[in-house]
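*Asks:* In the numbering used here, the protein residues as written are 430 to 1110.
The set of hints was computed from the structure by calculation and includes no laboratory data.
Idealized CB from N, CA, C, for every residue including glycine.
Keep in mind that a hint or two might mislead.
To be verified - Per label pair, the in silico range of CB-to-CB distance:
1. ILE590 x PRO1099: 48 to 58 Å
2. VAL808 x PRO751: 15 to 25 Å
3. PRO1099 x ALA862: 44 to 54 Å
4. SER1041 x PRO1099: 32 to 42 Å
5. LEU816 x ARG726: 21 to 31 Å
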Amino acid sequence: MIRLTPAVAFLLTTAAQAQQPDIVVTGRGLESGLGEDSYDISLIGRERLLHAPSNRLEDVLRDVPGFQQFRRSDARSANPTSQGVTLRALGGNASSRALLILDGVPQSDPFGGWIAWPAYDPRRLARIRVTRGGGSGVAGPGALSGTIELESLESAGAGGIDADLAYGSRDSVEAFAGGRTRLGAGFATFSAAYSRGDGFIPVVAEQRGLADRPAPYEQASVSLRGVAPVGGASELQANLSGFADRRERGTAFSAIETRGADASLRLVGRGRLPYSVLAYVQARNFSNAFAAVNAARTAASETLDQYSVPSTGLGARGEIRPRAGAVELRLGADWRETSGTTNELFQFVAGAPTRGRAAGGRTDTFGAFAEAGWAQGPVALTGGVRLDRWRLSGGALDEHVLATGAQLTNVTFSDRSGWEPTGRAGASWRVGAPVTLRAAAYMGWRLPTLNELYRPFRLGPDATAANAALAPERLQGVEAGVEVRPSETARLSVTLFANRLTDSIANVTLGAGPGTFPGVGFVGAGGQFRMRENLEAIESKGVEIDAIADLGRLHLAAGYSFAEAEVNAGGAALPLDGLRPAQTPRHSFTARIAWQGARGAYATAGARYVSSQYEDDLNRQLVPGALTFDALAELPLTSRLSLQARGENLSGERVVAGISGSGIIERGTPRTLWIGLRWRD
């Protein structure tokens, strides 16, 4: 477990000393700006977060049409480096193309851009707001396909403790405890989560050999948050959190470990001139071992030991919101720095490494934005511009012989910098009582991660070379939609969209083993050689449909996404032209029904379908579609204690998560059942 530092106690004590008894604190950021309803927005509420059959945040987010990760497996069995997040079929790359933020802080890994999902237990969140599209706008770089905003649970009421304990399939255990207490005129919340399991065997039954074994996991996270007034209509919010994540990938020499800690301070004012000032720091360390399995799958041998990847993220953001009549301005600036280095041992001979590698660097982005919102009667308008300055520095790759120290590669990459102007605009018009029309156009951009720029990697027999010359990705998009609200408890939203992602980064297949290739060395028979390249563009067009209805104690929700995505490519990537990006399904559908009974009784059931998609950029390996079902039932035993039963993938569907170059099929989570107790104070 990660230890909390004394800094939190100091921050909370300082805030409490400045308290104002007559001020009510909320723990939230500023409200959304005027006119933001012009964009395609989905909301996930507290009840859904509390009653997820898997208790996994990435699973909850799959309720949003168009949401996807690079792989279909969740954080119990997937390699963390494959767990970036995107929307609207703008995939083909494991780095995140949607911006995930928690209480205003970007959450992508400073080195690799993926998301450490075990750090976020859904039970410590109040709500989630997902904006599909929308561009960089006020959110900042990285918001290409959209923005996912997580908000921590707020509590200004009396103290109390909530706790869950569950036992599940494959000797799995889950535990959660969260509490809240008053802090003068403010409050503090704290929580801890733990999960472990023996895991399942990832390789499908008909292809397994003696080398294949279950993939166990053990994960924990802690969070401490304090909120207190600091004078006038202002409040100080102090956050500290940490997590530890250990997994294996189903063979010897496949252990993965991630540790992280985050701290942030946010000052929010809700007076005549609303403002928000944020500063944060993130620390991560990651290790990952890789194995090669022989053709008969009887033995595994170590091929790479990525034994330490320390990385740091630093950042700050400030915003003010002056208002004049029906016009609201949003003026602000932000900065983020990421730095990190991967340290690796490779080229194993007789079980011992003979080569060492270190690769890494630093990125900086500085941005300023100005946005205006106007609302008058049934019409709302919003528009803004943004200018970012980016810089890549300190990039280096060193490879050497362990026995002698002789250098094999010693490259210092040239520093680079540039400017990225973006903008967005939207309008909404309430035609009549139930119908609202909306339209928006936007631009966004993303800087390549340190991982994409400087680190070559291997996955099974396949090898991918880095590319220090990668350019930033840039997106232009338009959308139009209609929202119908026949009553206060029912809503139907339909959105048509067209996005073009230029200079999109993809792993481009350039050769096949056996052979020696630049940047990665030898690739064996059955392996593919790829290199990260900027493609000309990925174009994605489609439709998204959301529907919800509250019928007394019954809640119904459904969503559908259709996305027709296509690669535009030339040069070395010409074979990809006209193909579909890897790992991007055309269709996805979700449906859920929930029932809220008396005295805390609760039941929910859901279905999800994702259509077939291609494993590889050349569209040679087809990953079949999958239909899964889950359910949860909660029965009160006393006024505070309840019995809970949960089930994931109830039909036991084979969910194909990946196919290697040699045709080995990896599956996602099989049928998983849970029984447990829940205490609510």
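*Asks:* Take the hints in turn and mark each one as holding or not.
*Replies:* Now for the hints, and whether the structure bears them out:
1. The given range of 48 to 58 Å is broken by ILE590 and PRO1099, whose C-beta atoms sit roughly 34 Å from each other.
2. Against the hinted window of 15 to 25 Å, the Cβ-Cβ separation of VAL808 and PRO751 comes to about 21 Å, which satisfies the hint.
3. Evaluation of the 44 to 54 Å hint for PRO1099 and ALA862 yields a pass: the beta carbon distance comes to about 48 Å.
4. The hinted window of 32 to 42 Å between SER1041 and PRO1099 is violated, with their beta carbons roughly 20 Å apart.
5. A hinted range of 21 to 31 Å is violated for the C-beta pair LEU816 and ARG726, which are about 54 Å apart.
In the structure shown, a violation is registered for the earlier hints numbered 1, 4 and 5, in ascending order.
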